[in-house]
Each structure stands twice: as C-alpha cells, then as structure tokens.
Amino acid sequence: MAAPMLRGCCPGRRWALACIDHSSRHGRGAPTGSRCSGKRGQSSVAPQHLATAGKPRKGEHEWAAVVGLEVHAQISSNSKLFSGSQVHFVAPPNSLVSFFDASLPGTLPVLNRRCVEAAVMTGLALNCRINKKSLFDRKHYFYADLPAGYQITQQRLPIAVNGSLAYSIRVGAKRSQVINKTVRIKQIQLEQDSGKSLHDDLRSQTLIDLNRAGVGLLEVVLEPDMSCGEEAATAVRELQLILQALGTSQANMAEGQLRVDANISVHRPGEPLGVRTEVKNLNSARFLARAIDYEIQRQIRELENGGEILNETRSFDFKLGCTVPMRDKEGKQDYRFIPEPNLPPLLLYDSESLPAGADPQQVVNIDQIREQLPELPSVTREKLVQQYGMLPEQSLTLLNEVGLLEFFQNVIKETRAEPKKVTSWVLNTFLGFLKQQNLAVSESPVTSSALAELLDLLDRKAISSAAAKQVFRELWANEGKTPAQIISEKKLELMQDQEALEQLCQATLEEHPQVVMDVKKGNPRAINKLIGLVRKATLSRAEPAVIKEMLEKKLSS
Amino acid sequence: MWARAARLVLRAWAGGRRGFTSKAEPQESGRVTAEVIEHLERLALVDFGSQEAVARLETAIAFADRLREVDTDGVEPMESVLEDRCLYLRSDNVVEGNCAEELLQNSRRVVEDYFVAPPGNIPLPKLDEQESFSQS
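Going line by line, the protein sequences match chains A and B.
When we follow our numbering, the leftmost residue of the first sequence carries the number 16, and every step to the right adds one.
When we follow our numbering, the leftmost residue of the second sequence carries the number 2, and every step to the right adds one.
You may find that some hints are simply not true.
Claimed, not checked - One side of the interface only, derived from the structure: several residues of chain B facing chain A at Cβ under 8 Å:
| hint | residue |
| --- | --- |
| 1 | V33 |
| 2 | V37 |
| 3 | E84 |
| 4 | Y89 |
| 5 | V95 |
| 6 | A101 |
| 7 | E113 |
If you are wondering where the hints come from, they were derived from the structure by calculation, not from laboratory data.
Model, not experiment: these values are computed from the prediction.
Don't be surprised by glycine CBs; every beta carbon is placed ideally from N, CA and C.
Produce the entire structure from the sequences given, and follow the hints as far as they go.
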C-alpha cells in the first residue's frame, strides 16, 4: 500500500497533514456537523466533487484531520465542589470523604463558592460569555468509584460559553517561525470528579478510594479547530499556563489535575467530516500529541484500505504506542440526563444587576472577578518581547519550561549584563545543559545568582566568552563554587597585561614563519590560524578581537 | 430498531421532564420487548427477574402516559420546583471528612481502608454481544 500523500502542514513532523486554512474552518458548525469545510460559495460544486471521490486520481490522496478536545481541570480549592471535605492529592484512602461524597442517604449538595468563582475567572480569561443563569444536571452511569450512580454536571446550560483560546505554533526548519492560531471554546462546565479505582487483576477485584470523589472539575470543551497532535498539545499547554496563571487549577498532568479526551476524525478536504473516534484519558503531555497523531494515521490507513471507522472510544497504550478500543464503562451509553433536583439555578451578577442589600457572601459579581484577573501568559510574553528585545519564539520557550521565566527574571535582577545576553545564556547554554541531562529548572546545579555573577564578569570583560562557557561547565559540575572561585582556581581571567600578550603574539609569529608568509601572500584565512594559536597560548584568556588587532599591527610593521 | 424503542420507553418515563425531550413521540403499544428489558437492565444494573416485574413496568409506563393528557402548550417548563430559590453558596472551608472508619462499615469487603468492588462494572453476561447496544 502506498503511504498516503499528505499536504504539508505541522512542520517538523515526518508526516504532515493537510491543515484546513482559517477562512474555511470558521465556516463549520457543531463538532459533529457534517457541513462542507470548503467555502460556502462552493456548495454547488460539492456534489460533483463527491461523485468523483470514489475513484482516486493522482493528487487525491490527501486527508485532513479534525481534532477537538475535552479537557478536565481539577479546581484548586480547599474543599470539594458540593461538600466540605478536603481536596488533597496524597492522603490515606477514603480519609477525605464526607457522607455526601459517599452518597449516603439524606445528604444534599451545598455548592462551594470558590469553585463558582474559579469557573467564572477561567471563563473570562478564555474570552467566554458568562451565563448569568446556569443549571446543574445529573449524568447517570454505573461505576464503583461513582457512589451516587450519577455525576452532577452542567449539561443544558453551562456556566460559560463561546470563548476562544489563542496559541502559537512554531514552524520552519529551525522552528523559529511562529504562527498564531485560535481554537474556539464551546463551553466550560462545573462538574464533580469521580473516585479512583485500583484494579487488582491478580485477585480479580477493584479497590475504591473516594478521596477524589466530588472534587470540583472545570470541563473545558474545545471545538474541533485543530488538525494534528502538535496543535492539540500546544493548545493544551497554553490552557495549562492560563489555568496556572489564574490559580484556578494547578493543572499538573502527572497528578491528574489536567486530563484530556480527544475527538478525532479524518476526511478529504471539501467533503463532509469523517466518523470520529474518542481517545480517552490522555494524561501525559508527552503522549498527547503522539496518541492523536497515531489515531489520525490509523484512521487514514483504515480508510485507504477500504475499511470503515467506527464511532467508538479508544485509549492510548503508551507502551505499545498505539490506540486500542475500550470497553467497560466507556462504551457508548445512555446517560439519562435529568435536572439536578437538589440545586436551584446558579445565578451570577454584574455590578449593574447586583441586588441592593444582598449578602456579599451569597452573590458572585462577574465584574469584580474580571478586575481580579491576573496577567495572562500572552501578555507576559508580549512584555518580555517589549522589555528585553526578545524574539517571540524565545518568549514562548521561556514560559513553556516550568520555572524558567522565574530563573530568567532572577538573573536579570542580579546582573548588569545586557538582557539580550541574558536571554541567550538562559535559553541556549542553561536550557541546553538542562535538556541534555533531562533536568527540571528546579534541579539545576547552577543557581540564578551564580549565572548572574558569571554574566557580570563577562560584562566587565574580566573573562572571555570562551572562558565564560568553561566557567559555566565547571559551575555545573561543582555545585557550591562561585564563578569567581573557579576563575581564580583555573586562572581564567583575561590577561590584563598588554605586554605579556604582545610577547605571546611575537613568539607565535616567530614560531610559525610559514603562516606569516601565507598572510603576507594575501591568504585572508591565515590570520585566523594565528589568532587561534595565540588564544591557545593564552589558555583562552584573551579576546580574539584584541589579539587580531595586535597581530595585524605587528604584521604590518 | 430496538434502540429506538428503548428511547421511546425512556421518553415515556421522562414524559414530565421537559427540556430534555422534545415533544414526546406517541407510544407504539403498551408492550415492552425483551430487548428493551435487557437494555434497561444493563443501564440500571437491576434484574427485572420475572414476567411479573415486566408487567409492573408496563403498568407504570401506562400510568405515567396519562401525563400526556394534560395540555401544556404554551406553558414554559420549570427548571425545578426550587427554581425561584437562592442557591446557597458555601465558603471554601474544610469541615468534613476523616470518617473512613464509619464509611467503611457500609462495605461488605474492605482492604486496607479501600472499598472492595468486583472487577469491571457490568455483571450481565455476553458483554461482546451487548456491544451492539452502542449503535443505534
């Protein structure tokens, strides 16, 4: 079978999928909509196109993928959504459970104000319309870690709708070009988390811990405006940064505070959307893109081989690197939604509609929350570009690595070196070392103060930039030493003694008459060889520019 | 086909719950087929067990169907009987929990402070054949 020929997009991938361009994408309706993704005016052409689709011709092996996401973010709160038991990641099993969380008869939900505020704040940050009236519903399914047999969610009228999330993708050979993209946000709904099941296959039993049962979740539904794993992963990363900036969720994927389900389909551009599959529980940033790309490829393969895509739920097996069909609770089912009878509608206010004399503890004011919005990552990046003359892609990297921005800011605060120099050192040298050893910023053996001191010495021209690199390597290897100590121990300071440097230059010239001849014959590269030899003689303690000047003076005399 | 029927039965059940169902479709007959029973058993994890229970279900549906006799045209549905009440907001304080011992008394089997449940969640046999339930 010939590998499907795909139109280029998502650069940097070995295979690339056809991206639907923006103008056509906005014309599409609901996630499941089957409207033509081409421009509206083309609708009369469409049937013709469809008629020829049966027999593939050259150049028709193009597929476009459509990816939508459902992201569950655990709300960062002290207590659960509807009960006063604690929210905490590590605790003895079933210790953070109230009678309501265990669904004992006679218990009732009492809504946590903090969770409502977190949802409103997240909605505002994601450019949503906040619904001043939203409703709670019950979604039924049976699972041992869902003691009530239903989850309270917001199916009919969620708290926030119609938002958007902007993110930037890097393209080009060196990934130095930045393309801005937007994904629409359908809605944000408040809902309860379930408990956790530990499957003991050996003894054929399931252990249930309800500590997580009832923790507040924000379900953020992203419209299918993405077309590959990288776009989806980048959008999720941006959402994660926003949630963390807001403090509405810690959004730590490793601790399950951010969980992603992806809806994926492929189709030929200009034709109706294909049947979609849902890949559940993409709980690792690393595997998110891979799982989505695998599923896109699988669907293309299946269709190219004359197969058919089933509307099914799949999970990603990270050991095998592929998606597999799921059964169990995830099988398509009837959720039998009903309005939650124990919770009246949730009403929100703005400064205008705020009822006079209302108990401030009992009303949530949207305008007040808007005023409290902290700086969002996009603004932080813009500021870095403005303030430090950084490139947009550099600001992206600085925010994407956990703790790197803080490290950078600490170095900037303590050094007199140029911001551009600091940027380059932090993003190239420092981050390069971290990546090489697979370390987080917090695990770095070099502190921000040590780097600041080193950059100061470089700025004062106390050391050459080559020596600075060496000092950095030493700092990395010998935790606890200061740059100044290393410089004096290794005698790396620049030669301040002009005479000594001149002597070295003279000696080098005398030792290499052949090279001197070459220079005199007009070979422009010969001088570089001499500079190199002198630098070696100085143990990299002299700047090449100074050596060059000195040599030229001597050679011309 | 049967899935459609199931939806009809469920709609009949949810007859009073507007907002979820559009205008209820007319009931085909008072009969509930074996397939529908099987589907309901799986959804609700209950065992109807006998023909008598099925007959009771049919009577209940017929009883609920009488709700259709009320003319509700032009009447705006209510969200809930509490819709004019204020939704009380609790401040975010930890005031409950730490009662694992009491809670675990409700469990027939306990392992190291975990509830013990059977593996999976669908006790009905022939799971593979039931996969087709998902298609409609």
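How the hints compare with the structure:
With 8 Å as the threshold, the beta carbon of V33/B stays out of range of chain A, its nearest partner Cβ sitting at about 16 Å, so the hint is violated. Restraint check, V37/B versus chain A: the minimum CB separation of about 12 Å is more than 8 Å; hint violated. Restraint check, E84/B versus chain A: the minimum CB separation of about 6 Å is within 8 Å; hint holds. With its C-beta approaching chain A no nearer than about 6 Å, Y89/B sits inside the 8 Å limit, and its interface hint holds.
For V95/B, the interface hint holds, the least distance from its beta-carbon to any beta-carbon of chain A being 4 Å, beneath 8 Å. The beta carbon of A101/B is positioned within 8 Å of a beta carbon in chain A (closest approach about 4 Å), and the interface hint is therefore held. Among the interface hints, the one on E113/B holds; its C-beta lies about 7 Å from the nearest C-beta in chain A, closer than the 8 Å criterion.
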